[in-house]
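From first to last, the protein sequence lines are chains A and B.
Residue 5 is where the first sequence starts when you use this note's numbering, and the numbers rise one by one after that.
Residue 6 is where the second sequence starts when you use this note's numbering, and the numbers rise one by one after that.
Derived by calculation from the structure, the hints in this document are not laboratory data.
Careful: at least some of the hints might be erroneous.
[Unchecked claim] Below, a list of computed lysine-lysine pairs in the DSSO-like style, where the Cα atoms sit at most 30 angstroms apart:
hint : chain 1 : residue 1 : chain 2 : residue 2
1    : A       : K77       : B       : K88
2    : B       : K83       : A       : K74
3    : A       : K77       : B       : K83
4    : B       : K47       : A       : K82
5    : A       : K82       : A       : K100
6    : B       : K88       : A       : K59
7    : A       : K82       : A       : K112
8    : A       : K74       : B       : K62
9    : B       : K62       : B       : K88
10   : A       : K100      : A       : K59
11   : A       : K74       : A       : K100
12   : B       : K83       : B       : K47
13   : A       : K59       : A       : K112
14   : B       : K88       : A       : K74
15   : A       : K112      : B       : K83
[Said to hold, decoys possible] So these bits of chain B aren't anywhere near chain A, every CB distance computed over 12 angstroms:
hint : residue
16   : Q16
17   : M20
18   : G21
19   : V24
20   : I25
21   : N33
22   : Q46
23   : K47
24   : V48
25   : E49
26   : F50
27   : K62
28   : E73
29   : G77
30   : K83
31   : G113
[As the list claims (entries may be wrong)] A few chain B residues that face chain A, going by a derived Cβ cut-off under 7 angstroms, partial list only:
hint : residue
32   : E6
33   : P7
34   : F110
On a predicted model such as this, the values are computed, not experimentally measured, just so you know.
Built from N, CA and C at the ideal position, the CB exists for glycine as well.
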Amino acid sequence: AQTVTQSQPEMSVQEAETVTLSCTYDTSESNYYLFWYKQPPSRQMILVIRQEAYKQQNATENRFSVNFQKAAKSFSLKISDSQLGDTAMYFCAFMKLHSGNTPLVFGKGTRLSVIA
Amino acid sequence: EPEVTQTPSHQVTQMGQEVILRCVPISNHLYFYWYRQILGQKVEFLVSFYNNEISEKSEIFDDQFSVERPDGSNFTLKIRSTKLEDSAMYFCASSPSDYLDEQFFGPGTRLTVL
Numbered sequence: 005a006q007t008v009t010q011s012q013p014e015m016s017v018q019e020a021e022t023v024t025l026s027c028t029y030d031t032s033e034s035n036y037y038l039f040w041y042k043q044p045p046s047r048q049m050i051l052v053i054r055q056e057a058y059k060q061q062n063a064t065e066n067r068f069s070v071n072f073q074k075a076a077k078s079f080s081l082k083i084s085d086s087q088l089g090d091t092a093m094y095f096c097a098f099m100k101l102h103s104g105n106t107p108l109v110f111g112k113g114t115r116l117s118v119i120a
Numbered sequence: 006e007p008e009v010t011q012t013p014s015h016q017v018t019q020m021g022q023e024v025i026l027r028c029v030p031i032s033n034h035l036y037f038y039w040y041r042q043i044l045g046q047k048v049e050f051l052v053s054f055y056n057n058e059i060s061e062k063s064e065i066f067d068d069q070f071s072v073e074r075p076d077g078s079n080f081t082l083k084i085r086s087t088k089l090e091d092s093a094m095y096f097c098a099s100s101p102s103d104y105l106d107e108q109f110f111g112p113g114t115r116l117t118v119l
């Protein structure tokens, strides 16, 4: 079975600064996807960024980037130039590569507060 | 932009009662999911549904739970006889196809069992 661990229950960052959220996972699968989802207060979870395990290059989406260390089973999210709208709960999630839909395995989340 | 919707946003019920949580997935999506999050714990997978049948379920999804797509738009989760430990946030999600397509989540229904 896969497990995802987010060791930082809460974090805060000043507006315009950079923050890194940690995520580690455990799996015996060799092919899988990793995701970061964002859940703003009272809003839906939305996908922030995804990483295919077979790709060595770290994924980036505008101000969001990941540091994917496959051997260490680590998948951290870096948010650059933090904005007030980045205040949210952030979930790291794992999906094994398989034909057909497969469920997401989530971490407990990190609550990020961006301070003006 | 299309969104997954869920009703009600908050449901309070007495232990032993039946509850039905409703979801309207995005209209052209084919795969549907239920997840739940007990307060302070991880979001956990319950069940996935495709082509009018369950495609995968977790050990949490026991005989007390059922899912249904009664018409072309709704996707429901029924809990037959609620227990205190069923109190949680329940999230519905949908995706347009299989093979690693993004899952789009609804805002959740908070279920409180008294």
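Hint-by-hint comparison with the structure:
1. A:K77 <-> B:K88: Roughly 37 angstroms between the alpha carbons, so the hint for K77 (chain A) and K88 (chain B) is violated.
2. B:K83 <-> A:K74: violated (39 angstroms)
3. A:K77 <-> B:K83: Given pair K77 (chain A), K83 (chain B) is violated - Cα atoms ~37 angstroms apart, limit 30 angstroms.
4. B:K47 <-> A:K82: holds (22 angstroms)
5. A:K82 <-> A:K100: holds (23 angstroms)
6. B:K88 <-> A:K59: violated (44 angstroms)
7. A:K82 <-> A:K112: The hint holds at about 18 angstroms.
8. A:K74 <-> B:K62: The given pair, whose Cα atoms are some 28 angstroms apart, holds under the 30 angstroms limit.
9. B:K62 <-> B:K88: holds (19 angstroms)
10. A:K100 <-> A:K59: holds (15 angstroms)
11. A:K74 <-> A:K100: holds (14 angstroms)
12. B:K83 <-> B:K47: holds (21 angstroms)
13. A:K59 <-> A:K112: Cα-Cα ~25 angstroms, so holds.
14. B:K88 <-> A:K74: violated (41 angstroms)
15. A:K112 <-> B:K83: holds (25 angstroms)
16. Q16: holds (16 angstroms)
17. M20: holds (27 angstroms)
18. G21: The claim holds: G21 (chain B) sits with its nearest Cβ about 29 angstroms from chain A, beyond 12 angstroms.
19. V24: holds (21 angstroms)
20. I25: holds (21 angstroms)
21. N33: Since the minimum Cβ distance to chain A is about 15 angstroms, N33 (chain B) lies beyond 12 angstroms and the statement holds.
22. Q46: Per Cβ check, Q46 (chain B) is inside 12 angstroms of chain A; nearest 7 angstroms; violated.
23. K47: violated (5 angstroms)
24. V48: violated (4 angstroms)
25. E49: violated (7 angstroms)
26. F50: At about 4 angstroms from chain A, F50 (chain B) fails to clear the 12 angstroms cut-off, so the statement is violated.
27. K62: violated (9 angstroms)
28. E73: holds (18 angstroms)
29. G77: At about 19 angstroms from chain A, G77 (chain B) clears the 12 angstroms cut-off, so the statement holds.
30. K83: At roughly 20 angstroms from the nearest Cβ of chain A, K83 (chain B) sits farther out than 12 angstroms, so the non-interface label holds.
31. G113: Non-interface label on G113 (chain B) violated, nearest chain A Cβ at 8 angstroms vs cutoff 12 angstroms.
32. E6: violated (10 angstroms)
33. P7: Violated, because the Cβ-Cβ distance from P7 (chain B) to chain A comes to roughly 12 angstroms (cut-off 7 angstroms).
34. F110: holds (4 angstroms)
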